[in-house]
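2 protein chains.
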Amino acid sequence: MLAMRDHDQLEQFGTALNPARTAEFMEGLSSDEAWGVLSHVEPGRAAEIFLYFDHDRQIEILSGQNAEEIAELVAELPADDRVDLLQELDADRASELLALLPTNERREVQRLNSYAEGTAGSIMTTEVARLRQHFSVREAVDELSRQSEHLETIYYLYIVDVDDRLLGVVSGRQLISALGKPNIRLSDLMATDMLSASVDEDRESVAQKVERFDLLAIPVVDSNRKLVGIITHDDVIDVVREELEEDAQMLAGVTPLREDYLRIGLASLSWKRGMWLTILFVTAMFTAFALKNYQGSLEKYQWIVLLIPLIVSTGGNSGNQAATLVITALASGELSHRDWHKVLMREGVMGLTLGGLLSIIGAIIGFFFAPTWMAILVVPLTILLIVMLGCIAGSMLPLLFSRLGLDPALMANPFIAGIMDIMGIVIYMNVAAAILG
Amino acid sequence: MLAMRDHDQLEQFGTALNPARTAEFMEGLSSDEAWGVLSHVEPGRAAEIFLYFDHDRQIEILSGQNAEEIAELVAELPADDRVDLLQELDADRASELLALLPTNERREVQRLNSYAEGTAGSIMTTEVARLRQHFSVREAVDELSRQSEHLETIYYLYIVDVDDRLLGVVSGRQLISALGKPNIRLSDLMATDMLSASVDEDRESVAQKVERFDLLAIPVVDSNRKLVGIITHDDVIDVVREELEEDAQMLAGVTPLREDYLRIGLASLSWKRGMWLTILFVTAMFTAFALKNYQGSLEKYQWIVLLIPLIVSTGGNSGNQAATLVITALASGELSHRDWHKVLMREGVMGLTLGGLLSIIGAIIGFFFAPTWMAILVVPLTILLIVMLGCIAGSMLPLLFSRLGLDPALMANPFIAGIMDIMGIVIYMNVAAAILG
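So the sequence lines, in the order shown, correspond to chains C and Z. For the first sequence, position 294 (counting from the first letter as 1) is numbered 294 according to this note's numbering, and the numbering increases by one without interruption. For the second sequence, position 75 (counting from the first letter as 1) is numbered 75 according to this note's numbering, and the numbering increases by one without interruption.
It is possible that part of the hints are untrue.
No copy is singled out in the list; a pair is fine if it fits within one copy or between any two copies.
[Stated by the list, open to error] Derived EDC-like pairs: lysine to aspartate or glutamate, alpha-carbon spacing no greater than 20 Å straight-line:
hint : residue 1 : residue 2
1    : Lys300    : Glu68
2    : Lys300    : Glu117
3    : Lys342    : Asp56
4    : Lys226    : Glu127
5    : Lys181    : Asp81
6    : Lys209    : Glu24
7    : Lys226    : Glu96
8    : Lys300    : Glu88
9    : Lys209    : Asp234
10   : Lys342    : Asp84
11   : Lys209    : Glu48
12   : Lys181    : Glu143
13   : Lys342    : Glu259
14   : Lys300    : Asp193
Source of the hints: derived by calculation from the structure; they are not laboratory data.
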């Protein structure tokens, strides 16, 4: 079809299937060919299909094709996606496209651009259904069919006053149920006690509200309670996924990538890993200095040396388990730093149980390595103590950082790793000294 | 109000605010008192408020109060929540309540109960808007207002044939836009090319579809394409969160809790941590046997011993970083095991860069500990090799497990930890032997 430049058939291809499926069929095409198809489809539909292309292809098309035709497509994208994409183009191309956008869309981009990353403002879209409270159900429906092509969602309809201040909300479902009585006013239907987000609120806190109350969307208001936008459920899924991925990465000692693994620049990737690897390396260096203090005993009891890596890694593993459980529980809101005494109790019990379990295996190992019956005791006792310390330090440090308003996932890991490495050595050497004399 | 048993005021309290807010106001009450309030509110509204109570309170109320009154409330809960809650009550109480439910609701519970955990069937609700294709827009609206109180969502309206087989979908938005032409038939509006999930499909794959295509809900069909239920966006957010939490927990060597940290039994928590701690302990034991092989050199070069924990933990940290990045990228669908050669290239470069960086610091440490200029070389060379191995093994093992159809988060961690611990020792000792002779 492309080779024949068959406009009608290409247009039909673009409208027959749902946009997601159409995009899938086009996966085999080059970016130029894909644009060749899209340019024959009307811009609204083309934008829908474009949204399902993968990110690299989106950027290639936006960067490479005729600016005027591209601007038509960009004008049809949802406001939040439009801003995100323009931010990733090179600055010249972005301002070229921006200049070609209709005034309203251009203003919207500039407005959304002005909110700091990580805030509600930065993830909202400004395309939201606004109605007035004196509208009847019939008037509301008429107004909605007029507005609907510019709206991302009409599942909640927000009622505003003359100054755009948020007064209430009517759900799409309520409106459909009320169609039998078309003269009822929206002021009689609307709920006035509703949740909203403020533009500068942290996006994670907004996501938690939407998640906790199973909302489809949440209105975003500025400091004067003026309705400025809406955050929809799909943006919230993205936030939940990103925040949890970031937590997992921080737990492994990586500054969150915030980009796809295969797409992030190697310099940036080196920095995000190298920084923490260096911090962890420097804290682990203290183990060498700690061991140096005990060099006398090490020369005397050679067998002790053989078990050092085992002891150190067991302490690290138990601390890591406790820290991860507490950090995931904090992230999902199951736990707050106020629960620290309950956590302390649980981890005390866990430390005794898990430490006790590993001590038994430790005693068997001790039997193979230690020269006397007395010396065997060193291994299980050290393991019991180090596992208990791991459970307690691993669980308490994240709670402490959360209490101090710091991100527990980011701060806890190097501290816990450092403490466990050094304390592993210190406990081991002191237990050995106490028992072996 | 409770003390006065003031029915009117209690009823008013239950309806004045939105259900979420009402539930918040009731947080200070005991479960008995909370039920005292709810029992004065009409069951549909009471069920909405009840859904916002925390989980412990829900179970307490369902377990403790008059069975007949409770059954009325349970009948009003969404089908998926109802099944989940009944499963957590003790068996006698659950069957007592089940017997008191209206026939339809009872059948639904039995049906949902029959789907295996982790499948689409187990998280769907059966309350879904069904319409026939010969309906006009006007008839559809009438039918919807009739059905609407039993429906969890009316954002998508599914069109079925006489045998309940799924034919197409009309969005609530389309229906509102079409209200101007009330005689159009649904068959002219509906899209027939739509996504659906099958009842026995893995819930993670369903969540990915909904997420990828920004759906509000997805219909669930059985093997005959019969419409059996719907999975809504809020269930999908829950799945995304749970799956990512499980990945984070597996990465830390914990079998996923699948319950709140503060609520899970200590026996179960010990098992889920103890099992992996033991596996990791046993793999780490091999470090002791490996070291034993090199006992001769260790006695000769005492200073080597002091750096063992540093070398081992640096290898572990670099492996952990690479593994976590690959596993989070696999989970979000950015990466597939087919990309292994791109990952290998990247991690080769990262290994050289990060290993090179740490080698410089390693050389400085070597300067403090090693007795000769030649001996200083041992430390940076070991670190370069171990960090390279960490990057490559840490990134390739999860891809290999994913290729074999195993969960990369679950399988990769003990293998990587074991390999890095032992290889750390082996590389260190061999580098030392080669350089020091």
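Going through the earlier hints one by one, which of them does the structure break, listed in rising order? 1, 2, 5, 7, 8, 10 and 14
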